[in-house]
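Q: Spelled out, the chains give:
Protein chains: 2
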Amino acid sequence: MKVIRSVEEMQYQCRELIKQDKQIGFVATMGFLHEGHLNLMEHAKEENDIVVASIFVNPLQFGPNEDYEQYPRNEEKDLLLAEEIGVDILFIPTAHEMYPSKMLIALSTVERADVMCGRSRPNHFEGVITVLTKLFNIIQPSKTYFGLKDAQQVAVVDALITSLNFPIKLIGIQTTREQDGVAQSSRNVHLNRHEREEAVWIYKALQKGQQLVVDDEKNPAIIVKEVMNTINDKTSARIDYVEILSYPQLKPITVIDEQVILAVAVNFENTRLIDNLLLDKNGKLVSQFK
Amino acid sequence: MKVIRSVEEMQYQCRELIKQDKQIGFVATMGFLHEGHLNLMEHAKEENDIVVASIFVNPLQFGPNEDYEQYPRNEEKDLLLAEEIGVDILFIPTAHEMYPSKMLIALSTVERADVMCGRSRPNHFEGVITVLTKLFNIIQPSKTYFGLKDAQQVAVVDALITSLNFPIKLIGIQTTREQDGVAQSSRNVHLNRHEREEAVWIYKALQKGQQLVVDDEKNPAIIVKEVMNTINDKTSARIDYVEILSYPQLKPITVIDEQVILAVAVNFENTRLIDNLLLDKNGKLVSQFK
Chain A
0 MKVIRSVEEM
10 QYQCRELIKQ
20 DKQIGFVATM
30 GFLHEGHLNL
40 MEHAKEENDI
50 VVASIFVNPL
60 QFGPNEDYEQ
70 YPRNEEKDLL
80 LAEEIGVDIL
90 FIPTAHEMYP
100 SKMLIALSTV
110 ERADVMCGRS
120 RPNHFEGVIT
130 VLTKLFNIIQ
140 PSKTYFGLKD
150 AQQVAVVDAL
160 ITSLNFPIKL
170 IGIQTTREQD
180 GVAQSSRNVH
190 LNRHEREEAV
200 WIYKALQKGQ
210 QLVVDDEKNP
220 AIIVKEVMNT
230 INDKTSARID
240 YVEILSYPQL
250 KPITVIDEQV
260 ILAVAVNFEN
270 TRLIDNLLLD
280 KNGKLVSQFK
Chain B
0 MKVIRSVEEM
10 QYQCRELIKQ
20 DKQIGFVATM
30 GFLHEGHLNL
40 MEHAKEENDI
50 VVASIFVNPL
60 QFGPNEDYEQ
70 YPRNEEKDLL
80 LAEEIGVDIL
90 FIPTAHEMYP
100 SKMLIALSTV
110 ERADVMCGRS
120 RPNHFEGVIT
130 VLTKLFNIIQ
140 PSKTYFGLKD
150 AQQVAVVDAL
160 ITSLNFPIKL
170 IGIQTTREQD
180 GVAQSSRNVH
190 LNRHEREEAV
200 WIYKALQKGQ
210 QLVVDDEKNP
220 AIIVKEVMNT
230 INDKTSARID
240 YVEILSYPQL
250 KPITVIDEQV
260 ILAVAVNFEN
270 TRLIDNLLLD
280 KNGKLVSQFK
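Residue numbers (numbering that gives the first Met the number 0), protein chains in the order written: chain A, 0 to 289; chain B, 0 to 289.
Distance condition first, Cα-Cα at most 25 angstroms in a straight line; then the derived BS3-like pairs of lysine-lysine: (1) A:1 - A:44; (2) B:21 - A:142; (3) A:1 - B:18; (4) B:250 - B:289; (5) A:168 - B:21; (6) B:207 - B:280; (7) B:101 - A:142; (8) B:168 - A:101; (9) A:44 - B:18; (10) A:250 - A:168; (11) A:101 - B:142; (12) A:21 - B:18; (13) B:142 - A:18; (14) B:1 - B:76; (15) B:1 - A:18; (16) A:250 - B:101; (17) A:44 - A:289; (18) B:289 - A:101; (19) B:142 - A:21; (20) B:21 - A:21; (21) B:101 - A:289; (22) B:21 - A:18; (23) B:289 - B:44; (24) B:283 - B:250; (25) A:142 - B:18; (26) A:21 - A:289; (27) A:142 - A:168; (28) B:44 - B:1; (29) A:101 - B:250; (30) A:18 - B:168; (31) B:289 - B:21; (32) A:18 - B:18; (33) B:44 - A:18; (34) A:168 - B:101; (35) A:21 - B:168; (36) A:18 - A:44; (37) B:18 - A:168.
Hints are computed from structural coordinates only; laboratory data are not their basis.
Just so it is clear, the structure is predicted and the values come from calculations on it, not from any experiment.
Bound-form chain A, shown alone:
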């Protein structure tokens, strides 16, 4: 596995690979790799000639009171995991390498970012699409893989690629979960033991919501209420939102008659967790977005 830290070198290497007719599969991460990331890399491995992964905790997507400094990092372990899974090139730029001078161009979202996490994390998705535009231009992948745990991010990246004609295929991969159902997340490490035990109820609450859809409940409000009640009853977490929206448009709906996302965000004492289920109109889990 090659480790590259320079933008110029990375861009050059990838252009050379494309000239050799190599398909690049790209996985953007903020590091502290877990099974969810490795699963994305495995998918990329299967479907491309070369897998490029990036590790970059992007300051632009963190708010002033968010956990940029506290975001967990472990480069040494990440290197081992990425190598083991078969990543060909690991791109690890510094913040200065990615943002050497003031940004003279800004990207913003017109839709899909004013709901769910976008409501409590203003400018978060602007930071995401800005760094991804830069990474896409540096790496020039044919395909890029994102986890559906960050389903809103997948919807926003879909908007980015489609509206700006990036020559890239976006693939959203189903959330990987711990044995008890808790969604894999780098932030889980910050949960205390009690919170970690309660966290399973976020997934269980989502499953209760899904069961209602399977049982032909078409009213999103009833399902949202059931999910909220379960989380409030079973955990000490403060709910940020529970929402059901069309997917990937992320528009409010009054009847479940299309693909939807049932999504939740909660705040434990020091840790924000998100989770969701992507469901077809009959409540069946959608396993991949492309």
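Following the hints, put chain B in place on chain A, whose structure we already have.
A: What follows is chain B alone, placed relative to chain A:
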């Protein structure tokens, strides 16, 4: 010469060319080609394996009261001229092909667009960088050529490419002029005979300004005043601006001690004209920007 009207086909063809290790030189135009455009295409021809030119009158960069509908068009003649000069692929999409649905992502400028033409054409450069981002992603050129007549555009494209890491080299080519010195522009066709005669004084006024710099005048205000007086004395045009700014930063300066642009925009009865000289600190004309 191949003519392509479909985004998908264009993107596919260009990716195939890159795989064959072909360097693509790209010239974006709004059509109604004149010697200025052809000069860009000739430069592209010299320095690349393949020349792609686009003809697209981009609605997004025209204001509500501007001349989108009136902008001169002549596809038949453009096809002949492009073929003759040796363009390999001419991309001519419709507005619907470029903007098939609502844009979900917006680009905006942080600097360089709030002076000169940006002042009287709000959102103009946002439209420019949006369509260029799309065209860059569709055509994936190695080099792109722009005329320095639109020097502010060159500065904004430089910002776009640099800030977002597009793998593209920007080359700004010196303005081509009629024999009497008037800058080549598609809009010149809308001047009446009297205005066309007066238009030469825009260039002459700029040259007077340049001569002052050559003669060691370091104060931009004195030069701006001289240029304004000349245009007011010799033409019926209404001056929109005369400015001297650092280039490509486009910051106000109080002393001429670096590369600067001396730029002017005027409105004749139905036609807006712009022109400029790019000067080093000694007043010598800068012939290329890269």
